[in-house]
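Undergrad: Sequence:
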Amino acid sequence: MREGTAPLIHRLEYQQPAFWIRKVDLTLDLDPTKTLITSKLQVERNRAVPHAPLRLHGEELNLLRVLIDGASVSFRQEGAELVIEGAPDADFLLEIRNTTCPEKNTALSGLYTSGGSFFTQCEAEGFRRITYFLDRPDVMAVYTVTLRADATKYPVLLSNGNLVDSGSLDNGRHFAVWADPF
0 MREGTAPLIH RLEYQQPAFW IRKVDLTLDL DPTKTLITSK LQVERNRAVP HAPLRLHGEE
60 LNLLRVLIDG ASVSFRQEGA ELVIEGAPDA DFLLEIRNTT CPEKNTALSG LYTSGGSFFT
120 QCEAEGFRRI TYFLDRPDVM AVYTVTLRAD ATKYPVLLSN GNLVDSGSLD NGRHFAVWAD
180 PF
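The numbers in numbering that gives the first Met the number 0 rise by one with no breaks, and the one at position 34 of the sequence shown is 33.
Take every hint as true, because none was put in to throw you off.
List of simulated lysine-lysine pairs, DSSO-like, C-alpha gap at most 27 Å:
id	residue 1	residue 2
1	Lys103	Lys152
2	Lys103	Lys33
3	Lys33	Lys22
4	Lys103	Lys39
5	Lys22	Lys39
6	Lys33	Lys152
For each label pair, taking beta carbons as the anchor points, the in silico distance ranges come out as:
id	residue 1	residue 2	range
7	Thr151	Ala79	30 to 40 Å
8	Tyr142	His9	24 to 34 Å
9	Gln14	Leu157	33 to 43 Å
10	Glu102	His9	34 to 44 Å
11	Pro87	Leu107	29 to 39 Å
12	Asn45	Glu102	31 to 41 Å
13	Ile8	Asn45	10 to 20 Å
14	Phe181	Gln120	13 to 23 Å
15	Arg46	Ser116	41 to 51 Å
16	Gly78	Lys33	22 to 32 Å
Think of the hints as simulated: they come from the structure by calculation, not from any bench. Where is the CB? At the ideal position from N, CA and C, for every residue including glycine.
Given only the sequences and the hints, what does the whole structure look like? Please build it.
TA: Rendered as structure tokens:
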């Protein structure tokens, strides 16, 4: 569990983010010791905010790859933030690949295991424990989530939204794709 007190944020201190994320395609290859997450984010610069780097929140993640429009991009990590300088002014596709260890996540935030099942808790700031993201309540996006897991151990793959596809994969695994339009 997280210790200490969360920082107090006053409404009058609100500032819009430098970028908006409009669409999220999230793929989770579920494994209790090492879940692979691939997020593809449709990002647009917020023209109402002075030019600034893209700063994404992330906690307890192992970063593997960062691409913009399919090309490697330079970035740095500052504490719990992934910082990308020089992001395009035009809309772009940001792809991030990372891993996390759900069975070691005892914060009950993000992706964790309990009783042999996987669970997520993303409110208020738990999504940053799944992948790097603008994890704040004013960044609203449409989500498509693909879950992949061992079919025997995890026969039910459930996410928000509408089930749009499911089926079998190699090596006794299966998948389910959920589209959440809200």
